[in-house]
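Protein chains: 4
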Amino acid sequence: MKDKAKKIIDKMYLNDPFTKWLGIERVEESAGKSVLRMTVKNEMLNGFGIAHGGITYSLADSALAFASNGYGKMCVSVETSISHMVAVKENDVLTAIAEEISIKNKFGIYYVKIVNQHNETVALFKGTVYRKEKDWEI
Amino acid sequence: MKDKAKKIIDKMYLNDPFTKWLGIERVEESAGKSVLRMTVKNEMLNGFGIAHGGITYSLADSALAFASNGYGKMCVSVETSISHMVAVKENDVLTAIAEEISIKNKFGIYYVKIVNQHNETVALFKGTVYRKEKDWEI
Amino acid sequence: MKDKAKKIIDKMYLNDPFTKWLGIERVEESAGKSVLRMTVKNEMLNGFGIAHGGITYSLADSALAFASNGYGKMCVSVETSISHMVAVKENDVLTAIAEEISIKNKFGIYYVKIVNQHNETVALFKGTVYRKEKDWEI
Amino acid sequence: MKDKAKKIIDKMYLNDPFTKWLGIERVEESAGKSVLRMTVKNEMLNGFGIAHGGITYSLADSALAFASNGYGKMCVSVETSISHMVAVKENDVLTAIAEEISIKNKFGIYYVKIVNQHNETVALFKGTVYRKEKDWEI
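Protein chains in written order, with numbering that gives the first Met the number 0: chain A, 0 to 137; chain B, 0 to 137; chain C, 0 to 137; chain D, 0 to 137.
Bear in mind the hints are in silico, worked out from the structure with no lab data behind them. Certain hints may be false.
[Unchecked claim] DSS-like mimics (lysine-lysine), calculated; alpha carbons at most 25 angstroms apart, straight line: (1) C:103 with C:32; (2) D:112 with B:133; (3) C:88 with C:131; (4) C:88 with C:6; (5) D:112 with C:88; (6) D:3 with A:88; (7) A:112 with D:19; (8) B:131 with D:103; (9) D:3 with D:19; (10) D:6 with D:32; (11) A:72 with C:131; (12) A:88 with B:3; (13) B:131 with D:40; (14) C:32 with C:19.
Just so you know, these numbers come straight off a predicted model, no measurement behind them.
Next up, chain A with everything else stripped away, as it sits in the complex:
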């Protein structure tokens, strides 16, 4: 399973300009799980001098995509939610851990936790994906 997941995520990752702009690196991955890491740059800050909420959302959403598609079926997100708990600053190193909580029928539910370099939870994300009939061709 592991190799198939890796190949699929390679395919998604290698052609993903926004993930590249974010500077996301892959730390760990398998079907149903993805760990991603990135460092917060100056252009990711908002008017309060802290990371824009869209940055942590984007990291979590990428982790959701990688974790859910790793099984081989194409998955699209149906609904996602995020709570931002701790302010994220320039040069913070963020790690997103996406884990599958449930797969049932056509839907998968994932929790993603984002921690900073002090291992504080800065954001919690929940994502529901729809598993299409279509498989990834790799």
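On the provided structure of chain A, position chains B, C and D as indicated by the hints.
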């Protein structure tokens, strides 16, 4: 009220590097309302050749911040959710319309609708903000 | 369309013991819309002497089911969220207004607003439904 | 801490008519955690012959209230969401496990998992609570 809202949003907008990177322009604003617009660039795409979910989230989250802070009290987001309904492509022009649905005690609830240049709804966002005791100094 | 929606909702409503226990009455309905009403009874209160959050959720969830199934395709809820803004008391008369915001591919998104007899918004609910291939037989 | 949590939950539970109607029993509890159990009765079913979505929501919402108030500060829910994954039938025995994921500043976030007697996850609930300045008097 209008002028105060405008001054507060100026303050947030003028020092917001990520909003600048996104190329967000302000179309309309008042206390409780914000309309923003942006054009999707190549570096905002994901591995499927469509805009990363983080792009529409970021636009909606900025609209939430501008609409809710316009009253004069500092607001922070507590929980946000988004559903992506229609794929967004390069060069699409996205408009986010954030409107206050309820303000009660310390909390405000906003709905943000994002439409493309064909007036199709591409994403729906709901945000809950906490209104701090602290006022904006302008 | 209207008559078909009415027949489908009849079928759901007439065999729904919990909706009966809640004392829900149908005020208005068509494909994509449902307005329901109920009066809060003593056994619906929680330990604070106000209506349990499950009461307003149940009313909103019924309105979601009636509004979304009225088109003829069987719909099941995928994800729902609710914010409780104003305390609901015994004998309050609650009205839920469910409206379709978007139908796209296999998914529908609905907003449900619950108001009390003073027309105050007491809760806001968002529901995403999955539209099955299967049609209602009526 | 345990005894204080127990006393607070006693106070909430003993005067909660709806929790009584649901037949909820307390299995385990401490500050930040609550496990509740109930059996699905005929009057909790909807028009499809399965438990109304409001039943699992109500059980989860009670678990959230018990877990979050156990610390001694009065907590109110700000936003809750639930996904229903497996149909719940008459006589099913449901167990809700509420656990605190994060407490930061004035907000707490809890995940609640509901399983049936076969240990299948039937619903996943996420709740955000606001922690008031006010303490419980016990």
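Hint-by-hint comparison with the structure:
1. Taken as a hint, the residue 103 of chain C and residue 32 of chain C pair is honoured in the structure, with Cα atoms around 16 angstroms apart against an allowance of 25 angstroms.
2. Among the hinted pairs, residue 112 of chain D with residue 133 of chain B is inconsistent with the structure: their alpha-carbon atoms are about 37 angstroms apart, more than 25 angstroms.
3. Between the alpha carbons of residue 88 of chain C and residue 131 of chain C the distance comes to roughly 38 angstroms, so the proposed pair goes past 25 angstroms and is violated.
4. Annotation: proposed proximity of residue 88 of chain C to residue 6 of chain C is violated, straight-line Cα distance about 33 angstroms (limit 25 angstroms).
5. For the proposed pair residue 112 of chain D and residue 88 of chain C, the alpha carbon gap of about 29 angstroms is over 25 angstroms, so the pair is violated.
6. A C-alpha spacing of about 38 angstroms is found between residue 3 of chain D and residue 88 of chain A, which places the hinted pair above 25 angstroms, so the restraint is violated.
7. Pair hint residue 112 of chain A plus residue 19 of chain D does not hold up; C-alpha atoms about 35 angstroms apart against a cutoff of 25 angstroms.
8. Between residue 131 of chain B and residue 103 of chain D the alpha-carbon distance is near 15 angstroms, which keeps this suggested pair within the 25 angstroms criterion.
9. A C-alpha spacing of about 22 angstroms is found between residue 3 of chain D and residue 19 of chain D, which places the hinted pair at or below 25 angstroms, so the restraint holds.
10. Between residue 6 of chain D and residue 32 of chain D, the direct Cα distance comes to roughly 14 angstroms. Compliance with the 25 angstroms bound is thereby established for this hinted pair.
11. Using a Cα cut-off of 25 angstroms, the hinted pair residue 72 of chain A and residue 131 of chain C holds, with the two alpha carbons roughly 19 angstroms apart.
12. As the CA atoms of residue 88 of chain A and residue 3 of chain B are separated by approximately 28 angstroms, the hinted pair breaks the 25 angstroms bound.
13. Annotation: proposed proximity of residue 131 of chain B to residue 40 of chain D is violated, straight-line Cα distance about 44 angstroms (limit 25 angstroms).
14. A distance of roughly 20 angstroms separates the Cα atoms of residue 32 of chain C and residue 19 of chain C; the hinted pair therefore holds under the 25 angstroms criterion.
Of the hints listed earlier, those the structure fails to meet are numbers 2, 3, 4, 5, 6, 7, 12 and 13, in rising order.
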